[in-house]
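K.L.:
For the record, the sequence lines run as chains A and B.
Count along the first sequence from 1, then add 293; that gives the number in the numbering used here.
Count along the second sequence from 1, then add 282; that gives the number in the numbering used here.
Bear in mind the hints are in silico, worked out from the structure with no lab data behind them.
Each hint should be verified, as a subset may be incorrect.
[Said to hold, decoys possible] If you want the footprint, here are the derived chain A segments under chain B, 3+ residues with CB under 8 Å:
| id | region |
| --- | --- |
| 1 | 603-610 |
| 2 | 615-627 |
| 3 | 649-656 |
[To be verified] Simulated coverage check for chain B against chain A, where a stretch passes if three residues somewhere in it have a Cβ under 8 Å from a Cβ of chain A:
| id | region |
| --- | --- |
| 4 | 519-525 |
| 5 | 557-571 |
[What the hints assert, rightly or not] Residues of chain A placed beyond 12 Å of chain B at every Cβ, according to the derived structure:
| id | residue |
| --- | --- |
| 6 | Asp304 |
| 7 | Arg353 |
| 8 | Arg354 |
| 9 | Leu355 |
| 10 | Thr367 |
| 11 | Thr391 |
| 12 | Ser434 |
| 13 | Ser594 |
| 14 | Asp600 |
| 15 | Phe637 |
Each residue gets a CB set at the ideal place from its N, CA and C atoms; glycine is no exception.
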Amino acid sequence: MTSLQPVLDVDEVLGDPEIRIVVCCGSGGVGKTTTAAALALRAAEKHGRRTVVLTIDPARRLAQSLGLTELDNTPRVVPGLDGDAGELSAMMLDMKRTFDEIVAAHTEPKRAAEIFANPFYQAMSSTFSGTQEYMAMEKLSQLRAADEWDLIVVDTPPSRSALDFLDAPARLGRFLDGRMLRLLLAPAKAGGRSMFSLVTAGFGVVSKTVQKILGAQLLSDLSGFVSALDSMFGGFRERAEKTYRVLQDPQTAFLVVAAPEPDAVREAAFFASRLGVERMPLAGLVLNRVHHCLIDLDADSALAAADELAGVSDVTADALRIHAAIAAQAARERAVISRFTSEFGDVPVLEIEAQATDVHDLDGLRAIF
Amino acid sequence: MTASAPSDGPAANQWPARLHVVTGKGGVGKTTVAAALALALAAGGRRTLLVEVEDRQGIAQLFDRSPLPYEERTIATTPGGGEVKALAVDPEEALLEYLTLFYHLGAAGRALRKVGAIDFATTIAPGLRDVLLTGKVKEATTRTDSQGKRVYHAVVLDAPPTGRIGRFLNVTAEAAKLAKMGPIKTQSEGVAALLRSPMTAVHLVTLLEEMPVQETLDAAQELRGLGIPVGKVIVNGAHPPLLEGVRKVTQAELRRGLAAAGLATDRPTVVGLQEQAQAYLARRSVETELRGELDEIGRPVVELPLLPGGIDFAALREIGSLLGAAA
């Protein structure tokens, strides 16, 4: 990072009463959930804000430290906070339950029961890639609509790509009110040339093929699923679009989370430029697990000295080897980080030092920022 | 060249399975390990296939090439006429191939794709998608030439991460939820039989860090519950053992050593060096604990060193030779 790169001050974001939503984005495995939890805790304790953190898939011990022993899709107050002004609630997203709630809210009970029993709905509500992202956005808009909190901190699903959080909801929306589903729904209308008179044991080569591959039972389940969802068409896309607009509002602040590894930093850069295109407010980049040298000695000199010290002071020799490894790693990380900072010289960056152990209590979360 | 010509190298003896499934938490280096293993198993004139299924083009990036098509392409050769091919399996292409092979319906298949039916089918039913992907892996693993000899001595799959590996490999159960009969079910049963046989080994890659180790333990248990054989546990990026037997690093000792080496002995240097050494000791004690947890899986553990220079082709070969020698 050049000396001109601004440093991210999380307190500026967390203490700003105009900011109501903080979204932590980034590729999987960079410590997003921990960062989101630490930010939310700080907003509550230091800035006295009524805060809720929506986590997606927290590690068991981190979840326990937040008092999340059950996945029940409802915010619960986190016990053990310092100070008395603020309050922190935490919840873990249950995507299937969130999906069920949407279906129940938009369908009559008999229809809803049919949908719940359908194997396609079951597969889709628990495994469709994109369902998690869609449901995270859905939950975010529910929390915001409830208007019980000063600040909502959102962790995003552990996708391969950070962009999935922005793209998946629209994809699911498109899918659910897409052409294929409509064609499947209206086999009769499509007439003799139809590829999709599936339900009525079609005539065309293609529909026969589909029958052959998938089997008739599977097709009838599929068409059942499609017609049951009929009442909800349009709703999915509309809801996703509505939440999307909230994300463009200045009340939202995006924090991109990354680790100083090539893939994570590349994802962070993709995401940062995408936010620019979508005119979504990027507050800064949090870089987790960064190694810094505590002393000013280059790796080669340290290794040369270590070799000299064999038999003289083996402890110092090994301490110098440890230093050389840190120095080499720090240099590698600097090179990786500069791929981001050279492109986004005006994005504030905060580097978090690598820790020997994972965080699993509130004190650990407090120590992060 | 046929499969029986070259003798089985030492690598093959240590890695007896024919299908090697490599999984691990995201970010632990499973693609690197999978590629290095494919190289190691291609020693002694053997032929291996390295497969990826997640549309990530991780292999192409690792070998610094343009994205791989849905086609088996040579990406490396080994001394003695060995060869590593690579394949990025795409579910749509796999379905089309499946249609052509089993139903001779190439044109109809393409028509299906044109209207989006294949995308639809593979999207709405992730279980179907996984049957297609694993089905292609099975086909490559069991493929024979005109003389009835195996085309590949070994197939290495860069599989989905530990969090999804159970569901991915448990194809019968996932497919059965959707297809209670018909060819999809038959296909999935064939895949399941291969995955549960001694021909398959699932190797778990991890770092000596809490979350990856926890996921490794969870995955080992899940796979056992499914009757899918766990192969080796591979610890990636292990630090070299330093300060062995040392519990505390004193400033006095460091000052003496630094002076002997002719380096600065000012307080910031001594304190900084001490802090770094103590942090190393703290991490090492965590690592010792984690090694103990990994041992409890009861499978061979292979440790690969952290390679300071990053991963290039030479590094892949180096990791490959370490894997090949690992008992």
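K.L.:
Please go over all the hints and tell whether each is borne out by the structure.
P.N.:
Going through the hints against the structure:
no.: 1; hint: 603-610; result: holds (count 5)
no.: 2; hint: 615-627; result: holds (count 7)
no.: 3; hint: 649-656; result: holds (count 3)
no.: 4; hint: 519-525; result: holds (count 4)
no.: 5; hint: 557-571; result: holds (count 8)
no.: 6; hint: Asp304; result: 27 Å, holds
no.: 7; hint: Arg353; result: 7 Å, violated
no.: 8; hint: Arg354; result: 8 Å, violated
no.: 9; hint: Leu355; result: 9 Å, violated
no.: 10; hint: Thr367; result: 24 Å, holds
no.: 11; hint: Thr391; result: 18 Å, holds
no.: 12; hint: Ser434; result: 24 Å, holds
no.: 13; hint: Ser594; result: 8 Å, violated
no.: 14; hint: Asp600; result: 9 Å, violated
no.: 15; hint: Phe637; result: 22 Å, holds
Hint violations for this structure: numbers 7, 8, 9, 13, 14, all remaining hints satisfied.
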